[in-house]
Amino acid sequence: DTAVSQTPKYLVTQMGNDKSIKCEQNLGHDTMYWYKQDSKKFLKIMFSYNNKELIINETVPNRFSPKSPDKAHLNLHINSLELGDSAVYFCASSQDATGAGEQYFGPGTRLTVT
Amino acid sequence: SQQGEEDPQALSIQEGENATMNCSYKTSINNLQWYRQNSGRGLVHLILIRSNEREKHSGRLRVTLDTSKKSSSLLITASRAADTASYFCATVKTGANNLFFGTGTRLTVIP
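Each protein sequence line maps, in turn, to chains S and P. Residue numbers for the first sequence follow the numbering used here, beginning at 1 and rising by one. Residue numbers for the second sequence follow the numbering used here, beginning at 1001 and rising by one.
What the hints contain is simulated information worked out from the structure, not anything from laboratory work. Careful: at least some of the hints might be erroneous.
DSSO-like mimics (lysine-lysine), calculated; alpha carbons at most 30 Å apart, straight line [as the list claims (entries may be wrong)]:
| id | chain 1 | residue 1 | chain 2 | residue 2 |
| --- | --- | --- | --- | --- |
| 1 | S | Lys36 | P | Lys1070 |
| 2 | S | Lys19 | P | Lys1070 |
| 3 | S | Lys19 | S | Lys9 |
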């Protein structure tokens, strides 16, 4: 059974479109995260949610909006996509609500904006 | 700016040899973690070492932490072709509640 799953795995879209990436974890964790990995493999935290509440919102454009319908899901909605949004987006979860513990990552969603 | 930097950026060794990767960071930390990322996959947690620990082992992995030098090393002994991956260190800064990842070391183990 997949612990942290993301859909879709690949997403190709044009500039200006709005798209969503879904994430689900079946580990019973209270904390979920979204990361962005750029072309140089640098991984940066975007958002952190604990039990459906936003904990961390790093310097991310307002076009990115996370939505957590329940503590097992954290979806990422992106408005007005730009070329610079092309990257691999990873969802993760952890049991540790402080964010200091081990994190479990999804397989990633490769977003290509043309 | 990123918290950690790995060295070397890329490492190529023969199967059976040991691989050592280093990580340096900038601020005081709560803990430091190492993750592995296979090509096209998500990250997998390998080991966590707390700021009051100096060395930790897990199977063929050995991690050291020197808080005075703000550095850590990951040693993989008796490497296998399946160890080919990118390895990232990640730190939890003191008082923070999220991970800051380094730049990664790309390890290639030649069969």
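* Asked: If you draw a straight line from the CA of Lys36/S to the CA of Lys1070/P, is it 30 Å or shorter?
  -> OK: Lys36/S and Lys1070/P at ~25 Å, within 30 Å.
* Given hint Lys9/S paired with Lys19/S - CA-CA distance at most 30 Å -> The given pair, whose Cα atoms are some 13 Å apart, holds under the 30 Å limit.
* Verify the proposed pairing of Lys19/S with Lys1070/P, using a straight-line Cα cut of 30 Å. => Distance ~40 Å between Lys19/S and Lys1070/P Cα, so the pair is violated.
Going down the numbered hints, you'll see the structure goes against just number 2.
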